[in-house]
Amino acid sequence: MTEALYELGLRTGIHALMNSAWGWPTVESLHFLGLSMLIGAVGLFDLRMLGLARGIPMGALHRMIPWGIGGYVLNVTTGILFVTSAPDQYLYNPAFQIKLALMVLAGLNVLFFYRFVFARVSASAAEAEAPRSAKAAAAISLACWIGVVVCGRLITYYRPPYHWCWWC
Amino acid sequence: MQYLAWVEGTGFSIWMRESGPAFFSSLIFHALGMAFLVGAHLATDLRVLGVAPGVPLSLMRRFRPVSSVGLAVSVASGILLLVAYPAKALTNPLFYLKLLAALAALLVGRALYRGIMQDPTHDLGRTQVRARALAAVSIALWIVTITSGRFLAYTYNVLMATDPR
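If you're matching them up, the sequences are chains A and B in order. Counting from 1 along the first sequence, just add 15 to a position and that's the residue number in our numbering. Counting from 1 along the second sequence, just add 2 to a position and that's the residue number in our numbering.
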């Protein structure tokens with residue numbers, strides 16, 4: 016799997032881009048900007064559901080979410096650039112594996128939220144307290160994204176041996 | 003340089019450098035503090051620029067604790083990272099650009115907070131050109147802060163005052 020990704024990086028020019036003079040730090044800066052956008056939009060919406068900033072209508076605040084999705088897309092894109100450029104630094108790395116698991120959990124939480132909770136939240140009054148299910152989804156969302164940032168920073172802490180990847 | 007070498011020789015600085023948990027928890031808190039600080043400011047700027055127009059602008063001030071806590075965490079963890087490698091940052095001009103950009107961004111944020119956001123007559127509808135210009139400048143300054151911060155890891159000439167490379 017690492018070889019395939021590495022080949023892909025070479026063929027698509029990603030490897031050359033990332034190893035150009037300021038390629039890696041520039042893409043890292045975009046990754047940090049993207050995570051700030053995600054926390055700024057999704058994190059504030061979660062905090063409102065948890066009871067902060069009552070008085071702001073949750074339906075109106077939700078209009079900020081596309082910017083969080085923009086940050087997410089930016090970070091998946093830049094993340095793919097990192098992983099294809101140095102696959103062996105990521106695939107075997109427990110911090111990266113846990114990060115992906117948390118992203119899957121956050122994704123499932125998003126599906127649950129929009130399927131079962133969102134309609135009630137978006138229709139509620141400005142001063143309204145979010146339903147318990149919304150608070151649970153908000154807490155899971157915040158915990159997941161904080162965990163994703165923590166694991167992201169820990170990727171550089173672990174320099175793991177190859178056999179640590181159980182699914183490669 | 004002599005003073006920096008003294009800092010590097012203190013037990014606390016050595017521990018910050020050599021203990022994985024100490025150094026990496028500071029890095030983690032610096033990233034998390036940034037996420038909430040910059041995130042809250044970006045959301046406010048976007049609202050001033052017309053995103054989520056149904057959110058009463060003055061009520062965005064209720065998210066102030068998010069940016070305050072983010073700022074406190076960023077500054078505290080930043081000081082710890084500075085104690086670990088004082089010369090690495092202080093001999094790099096980019097570090098001062100980062101500080102200036104962050105300070106300017108905070109001042110612009112305060113101008114919005116104390117200005118247009120204080121007055122509920124601006125709650126709904128299009129904001130004034132001046133306020134929108136400030137919001138755009140704020141976004142640009144945060145991008146400069148983040149980018150110069152990230153480049154600090156790649157552009158230093160001196161890692162340690164006591165062991166110049």
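Since the hints were made in silico from the structure, they are not lab data. It should be emphasised that the depicted structure is a prediction, and the values quoted were computed from it without experimental measurement. Glycine residues also receive a C-beta, built at the ideal position from the N, C-alpha and C atoms. Mixed in with the good hints, there may be bad ones.
Ranges between beta-carbon positions, derived for each pair [to be verified]:
| no. | chain 1 | residue 1 | chain 2 | residue 2 | range |
| --- | --- | --- | --- | --- | --- |
| 1 | B | THR164 | A | GLU142 | 57 to 65 Å |
| 2 | A | ALA31 | B | GLY13 | 39 to 47 Å |
| 3 | A | ARG26 | B | GLY117 | 50 to 58 Å |
| 4 | B | GLY13 | A | GLU142 | 31 to 39 Å |
| 5 | A | ASN34 | B | ARG66 | 41 to 49 Å |
| 6 | A | PRO81 | B | LEU161 | 37 to 45 Å |
Comparing the hints with the structure gives:
| no. | hint | verdict |
| --- | --- | --- |
| 1 | THR164/B / GLU142/A: 57 to 65 Å | 59 Å, holds |
| 2 | ALA31/A / GLY13/B: 39 to 47 Å | 45 Å, holds |
| 3 | ARG26/A / GLY117/B: 50 to 58 Å | 53 Å, holds |
| 4 | GLY13/B / GLU142/A: 31 to 39 Å | 53 Å, violated |
| 5 | ASN34/A / ARG66/B: 41 to 49 Å | 42 Å, holds |
| 6 | PRO81/A / LEU161/B: 37 to 45 Å | 42 Å, holds |
Violated hint: 4 only; the structure is consistent with all others.
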